[in-house]
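Student: Now for the letters of each chain:
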Amino acid sequence: MFEQIFESVRQKSPLVHCITNYVTVNDCANMLLACGGSPIMADDPGDAVEITSICGGLTINIGTLNQRTIPAMLAAGKRANELGHPVVLDPVGAGASTLRTDTALRLLKEVKFAVIRGNISEIKTLASGSGTTKGVDADVADRVTEDNLDGAVSFVKELARRIGAVIAVTGAIDIVADEERAFCIRNGRPEMSSITGTGCQLSALTAAFVTANPDQSLEAAAAAVCAMGLCGEVAYKRMTGLDGNASYRNYIIDAMYRLTPAELEKGANYEMR
Amino acid sequence: MFEQIFESVRQKSPLVHCITNYVTVNDCANMLLACGGSPIMADDPGDAVEITSICGGLTINIGTLNQRTIPAMLAAGKRANELGHPVVLDPVGAGASTLRTDTALRLLKEVKFAVIRGNISEIKTLASGSGTTKGVDADVADRVTEDNLDGAVSFVKELARRIGAVIAVTGAIDIVADEERAFCIRNGRPEMSSITGTGCQLSALTAAFVTANPDQSLEAAAAAVCAMGLCGEVAYKRMTGLDGNASYRNYIIDAMYRLTPAELEKGANYEMR
Amino acid sequence: MFEQIFESVRQKSPLVHCITNYVTVNDCANMLLACGGSPIMADDPGDAVEITSICGGLTINIGTLNQRTIPAMLAAGKRANELGHPVVLDPVGAGASTLRTDTALRLLKEVKFAVIRGNISEIKTLASGSGTTKGVDADVADRVTEDNLDGAVSFVKELARRIGAVIAVTGAIDIVADEERAFCIRNGRPEMSSITGTGCQLSALTAAFVTANPDQSLEAAAAAVCAMGLCGEVAYKRMTGLDGNASYRNYIIDAMYRLTPAELEKGANYEMR
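Residue numbers (our numbering), protein chains in the order written: chain A, 1 to 273; chain B, 1 to 273; chain C, 1 to 273.
Be aware that a few hints might be false.
Because identical chains share one entry, a pair is satisfied inside a single copy or across any pair of copies.
Unchecked claim - List time: in silico DMTMM-like cross-link candidates among lysine to aspartate or glutamate, alpha-carbon distance up to 25 angstroms:
#, residue 1, residue 2
1, 12, 137
2, 12, 139
3, 12, 191
4, 12, 82
5, 78, 215
6, 78, 102
7, 109, 50
8, 12, 50
9, 237, 147
10, 12, 265
11, 266, 233
12, 266, 3
13, 266, 215
14, 112, 178
The hints are simulated quantities; they were obtained by calculation from the structure and are not laboratory data.
Owing to the predicted nature of the structure, the values given are computational and were not obtained by experimental measurement.
Required output: the full structure, derived from the provided sequences and hints.
Tutor: Dropping the structure here:
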């Protein structure tokens with residue numbers, strides 16, 4: 001299944017509009033190119049709506065949001081909805097400040113998302129309306145483990161039902177779910193958290209996968225999460241004793257560039273719950 | 001000829017003010033340093049004019065333009081003109097949105113450019129006042145090929161005459177022309193388009209080359225285009241079966257850092273039309 | 001001593017709020033992660049104060065400052081002061097434009113800094129209220145050499161006394177001083193200046209070191225400067241004849257990721273004056 005989904009990304013080369021933070025934007029662009037997609041960035045209210053119109057999908061990432069870009073996020077999101085383009089939300093730091101929490105909640109209210117991808121603390125903030133995010137990383141108390149996995153899956157399915165979107169919670173174990181089915185994914189490496197922006201890159205990647213596979217949002221999102229984790233594994237094997245997080249960042253994007261649909265099918269490590 | 005031009009960049013170490021998009025700005029800075037130049041970025045209207053004044057050249061790149069940076073582009077461009085500093089325009093995405101098209105046309109009207117560098121769709125948009133750019137990439141229908149090269153050269157020369165600037169159209173075959181002479185350049189690799197920002201980097205590089213060689217804008221722009229393509233070739237040879245677009249990006253900048261003027265002279269692959 | 005200071009960074013994993021320029025922000029984030037810290041970026045006045053509140057330290061870098069981010073710098077700096085969080089200032093380009101000089105001076109007046117890190121021209125601008133910075137690099141006439149080192153040390157100590165902050169002047173020889181003691185540091189490589197943002201990265205790193213060692217600002221800042229320089233040395237040894245400034249950038253961050261506290265203790269090259 002993931003083979004066909006990734007093949008579709010490579011064939012269709014989806015053009016993805018990214019309204020995303022300036023910390024990791026270059027890596028998001030190169031990750032989109034690596035998977036076979038094509039990125040375009042525009043975050044001014046006077047530009048974002050038209051740019052969304054010429055794209056196939058949109059990703060909204062609220063890291064480094066500001067008073068100029070928030071209206072662009074809302075307007076582009078609504079336009080993408082009108083056009084039937086899938087929209088992905090990355091609620092970076094929701095729970096860490098009022099502006100981020102409020103913006104994420106307002107986006108949820110005014111824009112229909114195909115997929116929401118965040119860490120468990122950010123997703124809990126969306127569910128409850130307030131949060132305890134430790135900066136842009138998940139709070140240790142929130143983390144999904146083998147012991148609390150069933151409870152986490154139920155929580156994510158219920159939130160997916162309530163919001164009407166696929167929810168992707170990423171961490172040591174990733175959960176990608178709609179209201180009925182959950183992919184529990186065990187790809188990836190803990191060292192990926194020592195690179196800035198692997199989450200942002202994954203959100204951009206997810207937008208490309210869902211844009212190329214609009215009738216299979218759940219499977220496409222799960223495929224993107226498996227692909228990112230698998231590239232983290234492949235890239236880790238390449239590291240020498242001199243390499244650190246900077247080279248690891250490059251190797252992960254390189255691995256996506258080289259990844260074949262058949263390798264994704266074979267390397268995807270998940271179970272359904 | 002290109003040997004002396006590049007030698008001049010290395011000796012003069014031109015300080016180049018870049019008003020450029022935040023997607024690829026870091027690579028533009030490192031590319032400028034790699035060629036022997038020095039970058040400085042300032043995009044607030046209250047800062048850009050003074051920063052331009054202490055520099056030798058200016059590059060204006062309209063990717064991720066916004067309501068704050070557009071006045072900075074105009075004001076810095078006019079100040080550079082007053083000071084006789086060469087100005088390079090990169091009309092990223094002209095034709096893809098009204099704001100980008102209008103801003104590019106307004107810049108053309110109010111600022112005198114030494115060189116304009118873009119893909120064929122962006123350049124056609126400048127010529128006609130409207131366009132069909134597919135995002136930030138050239139439309140397939142527009143592409144310069146061996147079959148339509150003579151027609152494309154005539155179009156570029158005529159536009160150069162009309163605007164009074166050197167025009168650099170980059171793609172599989174690059175055309176760098178003023179109203180009388182055209183360099184048709186066959187350096188480069190198709191894989192360069194899988195890296196975000198090789199065009200932006202080339203525009204910054206062009207500004208450094210023209211700043212260091214103010215009386216030879218055409219030759220300097222052509223030398224920059226050859227140098228970028230040649231570095232793409234050199235870097236490609238370095239790639240292993242594990243490397244992808246992220247490592248390729250680094251290797252191209254590395255190649256510029258190592259490139260000698262004599263190697264550029266020898267490796268430049270062009271004909272005059 | 002530096003061993004314990006670096007050990008403390010690794011153990012406490014300080015969360016550092018960075019209001020920093022968009023040119024080098026990604027490298028700053030990865031450098032913070034490499035040293036064991038954690039980055040978060042927020043530069044909107046409506047977000048920055050709250051984000052500062054959940055962090056342990058703050059770094060303010062005025063490169064690419066604008067009318068929106070300047071109020072965020074001032075407000076976040078004051079809030080960090082109220083909370084007793086260490087604040088680091090990187091006055092990028094002070095002396096190069098009125099806006100940069102005035103903003104740096106205003107920040108000095110309204111915010112209490114633990115450490116100020118800049119090149120000699122930027123620091124002289126802070127001392128005199130005006131300057132002759134050549135872009136973002138130090139003016140050759142200002143450079144600290146073995147011949148003028150004693151005079152420079154006196155100048156830095158006097159400025160540290162006057163401002164009430166640790167002053168770190170980086171260049172071929174680095175001086176890190178409070179009003180009584182100066183570390184004169186000879187780690188580093190001249191090739192580091194061919195990478196954009198090594199100074200910005202060092203300022204972010206310094207914030208992590210000082211945040212984790214709040215009672216030893218001088219020693220922590222000196223340790224950060226030694227660590228950065230040492231990583232420049234380690235990374236340089238790794239370079240092949242094909243590597244240039246792009247790979248060197250990655251290798252330096254990699255080296256920080258791999259550096260142990262014992263290696264820092266052993267490799268730090270300084271004398272007290």
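Student: Next step is simple, just say for each hint if it's right about the structure.
Tutor: Verification of the hints:
1. 12 x 137: between (33 angstroms within a copy, 15 angstroms between copies)
2. 12 x 139: between (38 angstroms within a copy, 15 angstroms between copies)
3. 12 x 191: Classified as between: cross-chain Cα gap 18 angstroms, same-chain 32 angstroms, threshold 25 angstroms.
4. 12 x 82: Classified as within: same-chain Cα gap 21 angstroms, cross-chain 48 angstroms, threshold 25 angstroms.
5. 78 x 215: Within one copy only: 20 angstroms inside, 51 angstroms across.
6. 78 x 102: Both. Shortest intra-copy (17 angstroms) and inter-copy (24 angstroms) distances satisfy the 25 angstroms Cα cut-off.
7. 109 x 50: Classified as both: same-chain Cα gap 22 angstroms, cross-chain 23 angstroms, threshold 25 angstroms.
8. 12 x 50: Within one copy only: 21 angstroms inside a chain, 42 angstroms across chains, cut-off 25 angstroms.
9. 237 x 147: Neither: 29 angstroms inside a copy, 46 angstroms across copies.
10. 12 x 265: within (19 angstroms within a copy, 40 angstroms between copies)
11. 266 x 233: Within. Shortest intra-copy distance 13 angstroms satisfies the 25 angstroms Cα cut-off; inter-copy 34 angstroms does not.
12. 266 x 3: For residue 266 and residue 3, the Cα distance is within 25 angstroms only inside one copy (9 angstroms; across copies 45 angstroms).
13. 266 x 215: Result: close within a single copy only, 23 angstroms intra versus 53 angstroms inter.
14. 112 x 178: Within one copy, since 14 angstroms is at most 25 angstroms while 50 angstroms is not.
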